[in-house]
Amino acid sequence: MSDISAALAEALRLIGGMDAQLAQIVLLSVRVSLVAVTIAALVALPLGACLAIARFPGRQALVAILNALMGLPPVVVGLLIYLLLSRAGPLGEFGLLFTPTAMILAQAVLVTPIIAALSRQVIEDAWIEYEEQLRSLNAGTVAAARTLLWDARFALMTVVLAGFGRAAAEVGAVMIVGGNIDGVTRVMTTTIALETSKGDLPLALGLGMVLVAIIIGVNLLANVVKLTAQKRHG
Amino acid sequence: MSGYKILFKNIYLVLFLLWASQPQAQNKFIIVASTTSTEQSGLFKHLLPVYEKKSGVQVRVVALGTGQALDMARRGDADVVFVHDKEAEEKFIADGFSVRRFEVMVNDFVLVGPKADAAKLGGGQDIIAAYKKIAEAKAPFASRGDKSGTHAAEMRLWKAAGIDPQTGKGTWYRETGSSMGPTLNTASAMNAYAFTDRGTWLSFRNRGDLVIVVEGDQRLFNQYGVMLVNPAKHAHIKRELGQAFIDWVLAPEGQKTIAAYKIGNDQLFFPNAR
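Protein chains in written order, with our numbering: chain A, 10 to 243; chain B, 18 to 291.
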């Protein structure tokens, strides 16, 4: 119990006395995960919507695979991206390994199936409700997808936030492709892993609490945006 | 808007975001593959700022076990390796991945164990005798089991003691398959003996009942080497910047900076470049 209260005190101390180094780590974490989720959403939302509306052979199998990919192990994704970006790998030319860009790529790959699979379900439910109406307007798959994506935007926001949570909390992939380089690719989760290695458990747990506080902050902000928008659009 | 147009718009956006995520001012840097013992003991935090200020070149350290660090360099993902497993380093050179190995500094390993001393080692300096007693008493022993330099040193000593610890696997000999810190966390939780470098031990906070039980044996001496990855193997290796860093570490200024690093009153690394 004393360990946990020590961690709480450590967390408050860290937030209260936020130094430049911690601020940099926090900012990098948020930046990497936000960009990764944005990229994932740009790919996954249209994909999820099309999969919800279009009918083609093999669709059920594709849906099942997409759902399964929500459980992609981060370490495996990290290793895959590492081998791709490594100098000896196919994309080695670009020298992206051990940069924030590599971490963004890894998180985007990890989060895309989550957003795609969940949005597929959300849109499919909406499609069942509006199918006749949209068909009577002679809307094609793409037009219908756009209409439903807009219509379900608030539910989809929760989906995207789930993706953000996964990205920000992930450690296995960013450790491998980022290398946890001090001042360059060190983020909250890899710092926590490092401090755990050093046996400084209160500091590690304190950093963990700061991370949770950040994720809560992002979610609260998103909620405010949602409520404001809902009020305006009725 | 057609589906294709939307698709292309999104692809452009994705590419733009990736581009925008790149650091704007690409300053000069090298990547050094090194070991957790140098990173987690705090040596690099002490050493590198001195060099970076002087040279204007950023040194980016990726800290792994020695085996992993050498693998990373083999793939061309590091400019310089800074590790501590002479046999593996010589193999690295024999395979043509580096032209020359420079000795930089030494530190030493220690055997830590529970205060209660289940194997009745009773202190002392003889690491081989201690290993024999641990195996005899079947006292719990936490090993890294991760092909790191420390793990290689531990295995050499078991061999010298004429013991195959694999026979104790699942009973008293536990391989954690992780780096030094997590292995010490495991040892601390189960009151096991563990073989560690002194630097990681001194900066380790979660000791529980563990104390140093054997130290000072000549066989616990641990040599660090530094090598430039061979540009003939990987054309993009930063030869000048990497060699400049190596030269500085070996020069009096670098050597003095290494010697000046202390935790409390203990000096961790003893420079011995020739």
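For the record, the hints were derived by calculation from the structure and aren't laboratory data. This one's a predicted model, so the numbers in the text were calculated from it and none came from an experiment. The C-beta atom is built at its ideal place from N, Cα and C for all residues, glycine as well. Be aware that one or more of the hints could be misleading.
[As the list claims (entries may be wrong)] Covered stretches of chain A, going by a simulated chain B footprint (3 or more residues, C-beta under 8 Å):
1) 14-24
2) 71-83
3) 202-212
[Said to hold, decoys possible] Away from chain B, derived, C-beta distances all over 10 Å, residues of chain A:
4) Pro66
5) Trp136
6) Arg155
7) Asp160
8) Gly188
9) Ile190
10) Asp191
11) Met218
Coverage criterion applied to the segment 202-212 of chain A (partner chain B; beta-carbon cut 8 Å; 3 residues): holds (count 7)
Taking 10 Å as the cut and beta carbons as the points, is Trp136/A off the interface with chain B? Its Cβ never comes within 10 Å of chain B, the nearest being 16 Å, so this holds.
Just to make sure I understand the rule, a stretch counts as covered if three or more of its residues have a C-beta closer than 8 Å to a C-beta of the chain. Does the segment 14-24 of chain A meet that for chain B? Our answer is that it is violated, as 0 residues pass the Cβ test (under 8 Å) against chain B, missing three.
Over 10 Å from every CB of chain B: does Pro66/A meet that, or does the non-interface label fail? With a cut-off of 10 Å, Pro66/A remains clear of chain B, as the shortest Cβ separation is near 19 Å.
The output says Arg155/A does not contact chain B. Does that hold with a beta carbon cutoff of 10 Å? violated (8 Å)
Whether Gly188/A stays farther than 10 Å from all C-beta atoms of chain B, as the label says: violated (4 Å)
According to a criterion of three or more residues whose C-beta lies within less than 8 Å of a C-beta of chain B, is the segment 71-83 of chain A covered? violated (count 0)
Verify this label for me: Asp191/A is non-interface relative to chain B, using a Cβ-Cβ cutoff of 10 Å. violated (7 Å)
Hey, does Ile190/A actually stay past 10 Å from chain B on C-beta? violated (5 Å)
Taking 10 Å as the cut and beta carbons as the points, is Asp160/A off the interface with chain B? Non-interface label stands for Asp160/A: nearest chain B Cβ at 17 Å, farther than 10 Å.
Report holds if the minimum CB distance from Met218/A to chain B is greater than 10 Å, and violated otherwise. holds (18 Å)
The earlier numbered hints that this structure contradicts are 1, 2, 6, 8, 9, 10.
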